[in-house]
Amino acid sequence: MHEAKTRKRVYTRWKPDEFRLLKRRVPKMKKDKIPWAEIILLGGFQEGRKPRQLKNRWEKHLKRTKRKRTG
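Numbering follows the UniProt record's numbering, in which position 15 of the sequence shown is assigned residue number 15; successive positions increment by one, without gaps.
Quick caveat, the hints were computed from the structure, so don't treat them as lab data.
Keep in mind the model is a prediction, meaning the values are calculated, not measured.
Take the hints with a grain of salt, since some may be wrong.
In the SDA-like style, the derived pairs of lysine to any residue whose C-alpha atoms are separated by at most 25 Å in a straight line are [as the list claims (entries may be wrong)]:
(1) Lys60 with Ile34
(2) Lys8 with Lys28
(3) Lys8 with Val26
(4) Lys30 with Gly43
(5) Lys31 with Thr12
(6) Lys5 with Val26
(7) Lys30 with Trp58
(8) Lys31 with Lys55
(9) Lys55 with Phe19
(10) Lys5 with Leu42
(11) Lys31 with Arg52
(12) Lys15 with Ile34
(13) Lys5 with Trp58
(14) Lys60 with Leu21
(15) Lys60 with Tyr11
(16) Lys15 with Lys5
(17) Lys60 with Thr12
(18) Lys5 with Ile34
(19) Lys5 with Gly44
(20) Lys23 with Lys5
(21) Lys30 with Leu42
(22) Lys50 with Phe19
(23) Lys55 with Trp36
(24) Lys31 with Asp17
(25) Lys30 with Lys5
(26) Lys30 with Lys60
(27) Lys28 with Lys55
(28) Lys23 with Pro51
(29) Lys55 with Val26
(30) Lys31 with Lys5
(31) Lys50 with Arg13
(32) Lys15 with Lys30
(33) Lys30 with Lys8
(34) Lys8 with Arg49
(35) Lys5 with Asp17
(36) Lys33 with Lys8
Label-pair ranges, simulated between beta-carbon atoms [said to hold, decoys possible]:
(37) Lys23 with Lys50: 17 to 23 Å
(38) Lys33 with His61: 26 to 32 Å
(39) Lys15 with Pro35: 37 to 43 Å
(40) Glu59 with Asp32: 36 to 42 Å
We put the CB at the ideal spot given by N, CA and C, even for glycine.
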């Protein structure tokens with residue numbers, strides 16, 4: 001039998017600079033239809049960030065601001 005490789009997940013807090021970068025880059029990304037992975041390649045995010053993490057962070061932020069505006 002082989003043993004499954006398990007990686008311990010390490011939570012990396014989001015830095016304010018990363019969030020500012022995300023806010024600046026996403027509108028252009030949406031307009032030009034650039035994939036999430038391209039935003040990471042531009043640099044400025046912590047090592048190990050995945051495109052899915054950027055997408056999830058962005059969507060969660062948007063949902064919160066929409067609720068505040070309508071509520």
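Notebook entry, point to check: Is lysine 50 within 25 Å of arginine 13, Cα to Cα?
Noted result: The given pair, whose Cα atoms are some 13 Å apart, holds under the 25 Å limit.
Notebook entry, point to check: Does the structure keep lysine 30 and glycine 43 at a Cα separation of 25 Å or less?
Noted result: Satisfied, since the Cα-Cα distance of roughly 18 Å is no more than 25 Å.
Item checked: Hinted pair lysine 30 and lysine 5, Cα distance within 25 Å -> Given pair lysine 30, lysine 5 is violated - Cα atoms ~36 Å apart, limit 25 Å.
Item checked: Outcome for the supplied range 36 to 42 Å, where the beta carbon pair is glutamate 59 and aspartate 32 -> violated (19 Å)
Next item on the list: Measure nothing beyond the straight line between the CA atoms of lysine 8 and arginine 49; if it is 25 Å or shorter, mark the hint as holding.
Entry: holds (15 Å)
Margin query: Between the alpha carbons of lysine 55 and valine 26, is the straight-line distance 25 Å or under?
Written below: OK: lysine 55 and valine 26 at ~9 Å, within 25 Å.
Notebook entry, point to check: Does the structure keep lysine 8 and valine 26 at a Cα separation of 25 Å or less?
Noted result: With a Cα-Cα distance of about 30 Å, the restraint between lysine 8 and valine 26 is violated, given a limit of 25 Å.
Check: Within a Cα-Cα threshold of 25 Å, do lysine 55 and phenylalanine 19 meet the stated pairing?
Finding: Status holds; Cα separation ~12 Å.
Checklist line | lysine 33 paired with histidine 61, Cβ distance criterion 26 to 32 Å | finding: Taking Cβ atoms as reference, lysine 33 and histidine 61 lie about 20 Å apart, which means the hint is violated.
Notebook entry, point to check: Do the alpha carbons of lysine 15 and lysine 30 lie within 25 Å of each other, as the hint requires?
Noted result: holds (23 Å)
Notebook entry, point to check: Taking 25 Å as the top limit, are the C-alpha atoms of lysine 55 and tryptophan 36 close enough?
Noted result: Holds, because 7 Å separates the two Cα atoms, which is no more than 25 Å.
Notebook entry, point to check: Are lysine 30 and lysine 8 close enough, with their CA atoms no more than 25 Å apart?
Noted result: violated (33 Å)
Going through the hint list in order, the structure does not satisfy hints 2, 3, 5, 6, 10, 13, 16, 18, 19, 20, 25, 30, 33, 35, 36, 38, 39 and 40.
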